[in-house]
Each structure stands twice: as C-alpha cells, then as structure tokens.
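Undergrad: Each chain, written out:
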Amino acid sequence: MTLAAPGFLSPTGVEIAFLLVGLVTFGAAVLTVTTRQLVHAALWLVVALGGLAVEYLLLTAEFIAWVQVLIYVGSVVVLLLFGLMLTRAPIGRSPDADSGNRPVALAVAVVATGALLWVVVDAFRTAWIDLEGPARGTTAVSGESLFRHWVLPFEALSVLLLAALVGAIVLSRRNAPDEPDATDMPNAPDAPEGARPVGPDGRGGASRRGAGGAGGATEVK
Amino acid sequence: MTTTTLAVLVPLLPFLGAAAGLLLGRTAPGFVRPLAVLPVLATLGLAVLTAVRQGGGGTIEAATRLTPTGSVPIDLALRLDGFAAATAVLVALVACCVQIYSTGYLRDDPRYPSYAALVSLFTSAMLLVVYSGDLMVLLVGWEIMGICSYFLVGHYWETPEARAASLKAFLVTKLGDVPFLIGLFVLAADAGTFRIGGVLGAVAAGSVQHPTLAALLLLAGVAGKSAQFPLHTWLPDAMAGPTPVSALIHAATMVAAGIYFVARLLPLFAASAAALTVLAVLAALTMVGSALAALAQDDIKRVLAWSTIGQLGYMSGALAVGDRGAAVFHLLAHGAFKALLFLAAGAVIHAAGTNSLAAMSRMSGLARRVPDAYWTMTIALLALAAIPPFAGFFSKEAVLVAAEHTALGDRTVAPAGAGWIVLVAGLLTALLTAAYALRLWLLAFRGRGTEAPDHGRQPVAMSGVLWVLAVPSLALGLTAGRLDDWFDGNPLLPTVTTAVLGTGLAVAGAAVLYGAWAHTRARAAHPPIGAVAAHPAAEPAVSEAEAIATHTPAYGDIAAAPDPADPGQLLLGPLHRHAAAGFHLDALYSVLFVRPVRGAASLVRFLDREVVETYVRGAAGSTKLLGRAVRAAQTGNVQTYLSALLAGSVVLAIAAVLVAAGA
Amino acid sequence: MHLVYPAVLAALLFCTGLYGVLARRNAILVLMSVELMLNAVNLNLVAFDVWLRDTLHAGQALTLFTIAIAAAEIGIGLAIVLMVHRNRGTSDIDALRDTAESVADPAGDDTGHDGEHGGHDEHDDVYDAEYDEDSSDPDTHPGPAAGEKAEATA
Chain A
1 MTLAAPGFLS
11 PTGVEIAFLL
21 VGLVTFGAAV
31 LTVTTRQLVH
41 AALWLVVALG
51 GLAVEYLLLT
61 AEFIAWVQVL
71 IYVGSVVVLL
81 LFGLMLTRAP
91 IGRSPDADSG
101 NRPVALAVAV
111 VATGALLWVV
121 VDAFRTAWID
131 LEGPARGTTA
141 VSGESLFRHW
151 VLPFEALSVL
161 LLAALVGAIV
171 LSRRNAPDEP
181 DATDMPNAPD
191 APEGARPVGP
201 DGRGGASRRG
211 AGGAGGATEV
221 K
Chain B
1001 MTTTTLAVLV
1011 PLLPFLGAAA
1021 GLLLGRTAPG
1031 FVRPLAVLPV
1041 LATLGLAVLT
1051 AVRQGGGGTI
1061 EAATRLTPTG
1071 SVPIDLALRL
1081 DGFAAATAVL
1091 VALVACCVQI
1101 YSTGYLRDDP
1111 RYPSYAALVS
1121 LFTSAMLLVV
1131 YSGDLMVLLV
1141 GWEIMGICSY
1151 FLVGHYWETP
1161 EARAASLKAF
1171 LVTKLGDVPF
1181 LIGLFVLAAD
1191 AGTFRIGGVL
1201 GAVAAGSVQH
1211 PTLAALLLLA
1221 GVAGKSAQFP
1231 LHTWLPDAMA
1241 GPTPVSALIH
1251 AATMVAAGIY
1261 FVARLLPLFA
1271 ASAAALTVLA
1281 VLAALTMVGS
1291 ALAALAQDDI
1301 KRVLAWSTIG
1311 QLGYMSGALA
1321 VGDRGAAVFH
1331 LLAHGAFKAL
1341 LFLAAGAVIH
1351 AAGTNSLAAM
1361 SRMSGLARRV
1371 PDAYWTMTIA
1381 LLALAAIPPF
1391 AGFFSKEAVL
1401 VAAEHTALGD
1411 RTVAPAGAGW
1421 IVLVAGLLTA
1431 LLTAAYALRL
1441 WLLAFRGRGT
1451 EAPDHGRQPV
1461 AMSGVLWVLA
1471 VPSLALGLTA
1481 GRLDDWFDGN
1491 PLLPTVTTAV
1501 LGTGLAVAGA
1511 AVLYGAWAHT
1521 RARAAHPPIG
1531 AVAAHPAAEP
1541 AVSEAEAIAT
1551 HTPAYGDIAA
1561 APDPADPGQL
1571 LLGPLHRHAA
1581 AGFHLDALYS
1591 VLFVRPVRGA
1601 ASLVRFLDRE
1611 VVETYVRGAA
1621 GSTKLLGRAV
1631 RAAQTGNVQT
1641 YLSALLAGSV
1651 VLAIAAVLVA
1661 AGA
Chain C
2001 MHLVYPAVLA
2011 ALLFCTGLYG
2021 VLARRNAILV
2031 LMSVELMLNA
2041 VNLNLVAFDV
2051 WLRDTLHAGQ
2061 ALTLFTIAIA
2071 AAEIGIGLAI
2081 VLMVHRNRGT
2091 SDIDALRDTA
2101 ESVADPAGDD
2111 TGHDGEHGGH
2121 DEHDDVYDAE
2131 YDEDSSDPDT
2141 HPGPAAGEKA
2151 EATA
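Protein chains in written order, with the working numbering: chain A, 1 to 221; chain B, 1001 to 1663; chain C, 2001 to 2154.
Isolated chain A (complex conformation) (with noise of 0.2 Å):
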C-alpha cells in the first residue's frame, strides 16, 4: 500500500489531471456557497457534484462516479430546483442571501479547514496509491462486493429509503378537502381587505393557491 512515495514536484498525470478537477470542484463548490444568486447556487453544485464525479472515475471508483451522476447531479440537484422553485426563490440576485451570522460561520470554517488540513497533511504526507493493477471499482466489482457481502444493509438502506418516502409524502401532504386549512383561503377577491393571507409580495397566497384551487376560496368560518 504505502509504497515509496514520488516527490511532490514530479506529479504523475492522473495527478495532475486530479489536481485540476479538485481545483475546478473547490472553486464550484465555493461558488454555490457564496453565490447571491438561489438558482447560480444550485448550478454550481452540478459543477461541484460532476467534478467530484470525475475524481471518483480518477481514483478507479468507475461505479461510484456513474452512481453520483445519477443520483446527485440527475436527482438531488433537480430535486433541489424543484425545490426552489416551489419556495418560490427570488430568480436573480437577492441581497439577503447570506444570514448575519456569516462573520461567525467564516471564522469557523477557516479554523476548521486549518486544524483539518494541518492534521490530515501531516498524517498522510507521505502515503500513497496505487493505481496499477486490476481496476478497483467497476460495476463487476462492486456489484459483486455489494450483493455478496453487504447485501443486508443494502436490503436494510431499502426499508429506510421507503420510510423516506412515506415520510416526504407526509409531509408535504395537503389537508383533507374537507377540512380545510385555514392557511388555505385565497385572497378571493370579495374577502375584506384584512383577510388575505399573503404577504405583499403575493409569495405565501401563490403557492397555496396552485394547489387548493379555488374551492374554499369564499368559504368564510
């Protein structure tokens, strides 16, 4: 495993080809977390997500990579989208991005990823991979590991993936038609001035609407 490491200064060209990807997916994925713009936010994520793809395919990892362009970048991230858009997440820059809590949470991260690179340098400064040999994680290979040797967890993470879910339905269940919420009334045009529920923006009342519809619209209790 720990073979005699090369020097820094004579990269190999996976590594090279590493090192740019990670440079690529760092600045993406700095981008997400800085960037004022909701939606540019969840576009570079996609950056980040893929990069972190490729490094996978760089480490030998071939299924792993497929697996996380399927589930992130196909599903999450649009997942992600859709969940902006039904929040209804201002398009374009909007000022109040970052909370005020941002002075705190950079001093956090930049302590974190000093105390973590310190460690993580000094321990593994001299380890290193071997590439060569029989490729370490193709589908072959890993199908074979998964359903030979983890297959209860495997069948376990699918009871717990169906409990997720139910519990997302659940969640984001409406009410019974017949009982309808109270949140639930549109600004009917013949209800009092006092009445609407949405804010001035018009956000709250919009997304309610586009479920409810207009049934409870002059239901007045």
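Source of the hints: derived by calculation from the structure; they are not laboratory data.
Beta carbons: idealized from backbone N, C-alpha and C, even for Gly.
Honestly, I wouldn't trust all of these hints.
Only part of the chain C face toward chain A is listed, based on derived beta-carbon distances under 7 Å [unchecked claim]:
#1 Cys2015
#2 Leu2018
#3 Arg2025
#4 Ile2028
#5 Met2032
#6 Val2046
#7 Trp2051
#8 Leu2056
#9 Asp2094
Assemble the complex: chain A is given as a structure, and chains B and C must be docked to it using the hints.
TA: For chains B and C alone, coordinates are given in the frame of chain A:
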C-alpha cells in the same frame, strides 16, 4: 421492707399518681381525686415511717449505677440523714394538705385533673431533691420543680397577670440555674464525683480546688430557687397562681429547696468565708427589704409572699453563720405555718370576695364568717411573728442564737462579720415581721363597715386541713430540745439574751403598729374603695382569679392600694410607695436587662432583615441577572446555536490534537 | 497518486459546506451545503478504500449507502422546508425563531392574546406571542399571523 425501699417509694408514688392522673384525667374523671390524694397520703405515711426508721441516726446511703456516663459517673443514689427525713415529712405533709384543700378549692375547675397531676409531679420532684444522694439526680428534681412551678403559676392563663408571672418565674429561676449547673460541674470536676457523700468527703480532705467559685455559682441557683435577693422578684408575682399552689410551691417546699441544698452541702460553703459573707449580706438585704415591702402590700397573698422571702432570708442567714440545723429547723416550722397562712388566706379571700386588705378593712364580721380560717391564721401569724411558744419563736431563736454565737466568736464556722450582719438584720426583721403580721390580722379581721357576705360554711376539706397544719405551727417548737439530735447536734434551744431581745422587738413592733392602726382607723369609715367580686355559689378559686384580675383596674397597681386607713402607709411614710413596688427592682431589671436584650433583638432583626437578607437577595438577584444574560443567548436562531456548537468542537479537536502531538 | 490530494480536497469541500451551512439564510441553500459536506465524506471514503485496497470494498459500499441516505435526506429535508414555507410563508432559517426566549414576561403576553383572540389551542397561543409584533405591521413580515387575524375579524 428496708428503709431504702421505703425511701425509694416516697418520691415514686406521687410520680405514678401524676402519670396516672394525666393519662386518666379526661377519660375517667371519677378517679382524678383519689389519684391526686391517695398517693400523696401514702407517701406521707412512708415518709413518716422512713423518718422513724432513720431516727436521726447515721446517714444511710444507697446507690445504683444504671450505666457508665463518662468521666464523672452519675448514680441513682439515696442519702438519708436527719435533714432529709425531717424535710421529707414536711413536704409530704404540706403536699397532702394542699391536695386535700384543692379538692374543695378547685372543685369545679375544668383543668383540675392536670392541676392535681402537676401538684403530684411537683411533690415527687421535691421529694427526689430531698432524698437524692447524687447532684445530677437532684438537678433533675430541681428542674422538674421549675417547670411544674411554671405551669401551676400560669394556671389561670386567661389572665395576663398569670401569663406574665409564670414566664417571669420561669426565666428568673432559669437565670439562676445556669450558674448553678456550671457550679455543679466545677464541683464535680474537682471532687471527681456527683455523689453528695463523695463531694463532702473531698471537701473534708481539702481536695476541692475552687470552693469559693463553686459555692458562689451554686449560690446563684439557690438565690433563684429560694427567692433571695437579687433574684427574688418572681415570687410576689407568682401569687397570680391559685392559693394552694402558692402554699405548696411558693411557701413551704420549692423555695425551701435552695435552702435545703445549701444545708446539704454546707461544708463546701463553710470552706469559703467569702461565700458565707456573700450569703450573709444577701440574707440581710432580703430580710429587711422584704419585711418593708410586706408592710406596704395591699394584696393579702403578696404580704405573705414577701414574708416568705423574709423568712427564707432567715434560713439563708442561719446557713451563712454555718448552722444548718437552725436553718432546717426554721424551714420546717416556716413550711408548716406559711402553708397554713396561705391556705387560710385562700379561705379569707373566698369569704371576702377580694384579695385587697383595704377592702377587707371596710368589712365587718369576716372573722365570724370563716372562724376556722380566723383562728388558724391567728395561730400562724403568731408563729410568724415569733411569739412564744409558737413554732416560729423557737426556730427563729435558733437562727438568732447561731448568729449571736458566731458574732461573739463562740462559733468559728463562719466569720464574725457574717454573724453580726445576720444578727442585726434578724433582730430588725423580727420587729418588722411582728408589725406586718399584726397589720394583716387587724386589717383583715378587725375591719369596720358593711357586713361581709355570707358564704355558708367552708368545706371540711378546706377547714380541716387548716387545723391539721395548725398543730405543727403550735407545737413544733416544743420539739426543739429533741430535734437537734436529728441534725448536726447544735443546740436549738433559745438563750435568754436573744429571746428577750427578739420577743421584745417583736412586741415593740406590734405595739407601734397597733398605735398607728388605732390612729388611722377612723379614716376607714369611708365607703369601701375598689371592687369586691363575691361569688358565693362558685368554687373559691373563681373569687381569687377575679380578685387578682380586678386589683389593677380598681387600685391602679397590682400590689398596693392608696388607702389612708392603712397603718403601714402611716409608718413607712414616703418609703411606702417604693416598698410597695419592691423597691423598684423590677424597673431596674427592666432598664438593665430587658431593654438591652430588646435592643439587641432589634439589632439582630435589623442585621437579619437588612444585612443578611441583602446577601440572600443579592445571590438571587445575581442568579437572575445571569439567567437573563443566558436567556439573551437563546435567540432561537438555529445557525447561531450550530455555530457555537461547531466552534466548540473545533476548539476541542484542536486541543485534542495538540495534546496528542505532545505540544 | 498521493493520498494527500483527495484528502485535502475532501477537507476543503467539507469546510466549504460547513461555511455554507452556517452562513446561508435560505434553507434550501443550507441543504445544498449539507450535500457538499456529505460528498466530501464520500470522497474520503473512496480514496481510503482505494488506498487500503480493502477486499470487502467497505469504503465504496459505504459511499453508495451514503449517497442513498443523502438522497433520502434531501427528500425529507425538502418536504420539511416546503411545509415550513407553506405554514410560515418563509424558508429563511433565521426567521424561524419560535424557540427564542422572549425577554418580556411571557405570561402577560399570553393573557393578552387570550383576551384578543378567544379560544385557541396552546400552539396557536405560543405562535401568536411570537408573531405579535409582526402582525402589528404586516408590511414587513408576511405570514399566517395575518391570516389568523383575518379569521378572528371575520
């Protein structure tokens, strides 16, 4: 039964009677009276039997040690000598008379069961003191008497006078008991035992290191219990209790306990000339002052109370000149005639419906209403005034003889100065005693005015007891020639010099007072002043309680009455006002002790409220402020919490790494 | 390849995610940052799996599990964020301060609200106490407090 067993039964029977009376008092009222009287009667029989068996012979000592109690052992010990045997007979006799008298005097009292039980308990405690051969066991009886006295003085606790008097009696006697206890410890530490025999042996061997210190400390307790100056002030106020209680506790027995205690330990006191001199001075002050005060009192029971203090002064005087035989002889005689005086006074108060001499002096025919009380009181007053051949004459002469011998140097037990002090004060007091005894008699029974109310005959339980007590008052003196064998062997018979001197002075005092009375009598024609509250149908105690309660509203004072017909007022002149108030000793104590204590109490209250409380409030307030600061951190913003959490984790991680790296 | 490269990259990504979690206001952006942190862990797992040549492929299997769990997490998280947004009209994390300790006496506030609104359940009372100030000027903070008021008025 051996003499020891008899002697053990003597204090035990009244104690069992008291316990049974307290337990059965509510459930079986019919048993209360037998339970009150019979044990005391049996005790009297046993005490007499014990005295006969002992016979004035050698001291009988018996002891049992229940358990080791540390460095100085405490034994359940008996010490029977002539003093103990004779005193026990007196205590049992008076207790018997009082219990019988109480069945008539308090016949309708709702609290009679507890009253009778307390009297029995008190009797038991006094007998324990008398027989005990161990100072610690003696102290137990001593303190039980104190608490019984507190309860019994406060029997009429509905009246503020009784409440105040019981509290005062308790506090003042306790004030003396604290040095008394310390004195006992000093004595025991020096002698290495609490046994009286051991202590006396140590004194004889000269191994007691601090006889003066121990004697003076013990004297404080004795002064409290026996109402000697300066701790006598509780006794006149204690007359707020029922008359039988006054007769038992505050005349015959409890106040005599202090005298008896000194008599038991007299060799210790005799070892210290200073203690004897102090005792002599105190006795002289007590005698003269109390006789003057007795001359000025209006309440008949207060006259007797002050006279008790004076007679106790005689006993102290006898002890101060080192003659305990004379002291105990006077104790016996005085116990008999003073109990008789009190019990007769109770009957008189009931008949007259008032305790005020001024009111009685405007009442005619009181003597005919209560002939038993009249005759027995006359006997007792003659005994008090030391007119031969009554008991008081012989016992008082014994004291004066001892004092004279000491003064003239015939006896060397005590310093001659003490003898002179006691002799002069004793003779002066003899004069005053005769005067106030005659004043009491004249004002009570020779009044002129409206007819005294007719209550019918007194119950036999009350009048019979008076005659029983009249016998020793009359005849105890005649035993003086035989009684000295029981005591130390000093002759108790009077000598010609003192007899002539004492009796002459008494007669002179009586004559002067009679002259004054004849002079002032004309003024008594005025209508009665003050209130007379007669309840012919009710029990006698009701009249007494009402008389005490109405005295202050009627006369403006609990003790004195502004009566121009009072010969005492004529004789004392400007001194009358001060004498009536007990020479303002209470006011002095109030200034010296009560006010500083109250000031200190308010200071403590201030310190507690303002200073200590400030710290408490400060502790609470700072905690509250701290809590408010912590509350301010609870912003509800999850990110803030998380930031703090992670920052802490990072710091901890760095610290852990640094430690692991050995930095 | 040097192990330091993936390890350092993972540390950097993790701390970037950390910053995002602490600094972002929108809940969905916070979820994104959480994804970044999870991915940093995944990178570590893969790199160490390759480095250690684990015969059981524990690192890669765990990575797969992590990815699945992350997917589940993002689903649940988004559902919660959506519900919060539906109820509160906002998905800003620093606006959700129901657990804040109110410095003013809460008892007095509660009684006042009982008198104003009549019968509400306990949750509503707490909720109203929190939004009392907001409902006084509805221009700045939109929300269901306005709806509650409307209900009471109607």
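Undergrad: Against this structure, judge whether each hint is valid.
TA: For each hint, the structure was consulted:
A cut of 7 Å between beta carbons decides the hint on Cys2015(C): the least distance to chain A is about 4 Å, and the hint holds. Satisfaction of the interface hint for Leu2018(C) is found here, the shortest Cβ-Cβ separation to chain A being roughly 5 Å, below the 7 Å cut-off. With 7 Å as the threshold, the beta carbon of Arg2025(C) comes within range of chain A, its nearest partner Cβ sitting at about 4 Å, so the hint holds. Evaluation of the Ile2028(C) hint against chain A yields a held restraint, the C-beta minimum of about 5 Å falling below 7 Å.
Given the 7 Å rule on beta carbons, the hint for Met2032(C) holds: about 5 Å separates it from the nearest Cβ of chain A. With its C-beta approaching chain A no nearer than about 5 Å, Val2046(C) sits inside the 7 Å limit, and its interface hint holds. Hint status for Trp2051(C): holds, given a least beta-carbon distance of 5 Å to chain A, under 7 Å. This hint holds: Leu2056(C) has a C-beta 5 Å from the nearest C-beta of chain A, less than the 7 Å allowed.
Taken as an interface hint, Asp2094(C) checks out: its beta carbon lies about 5 Å from the nearest beta carbon of chain A, inside 7 Å.
Checked against the numbered hints above, the structure breaks none of them.
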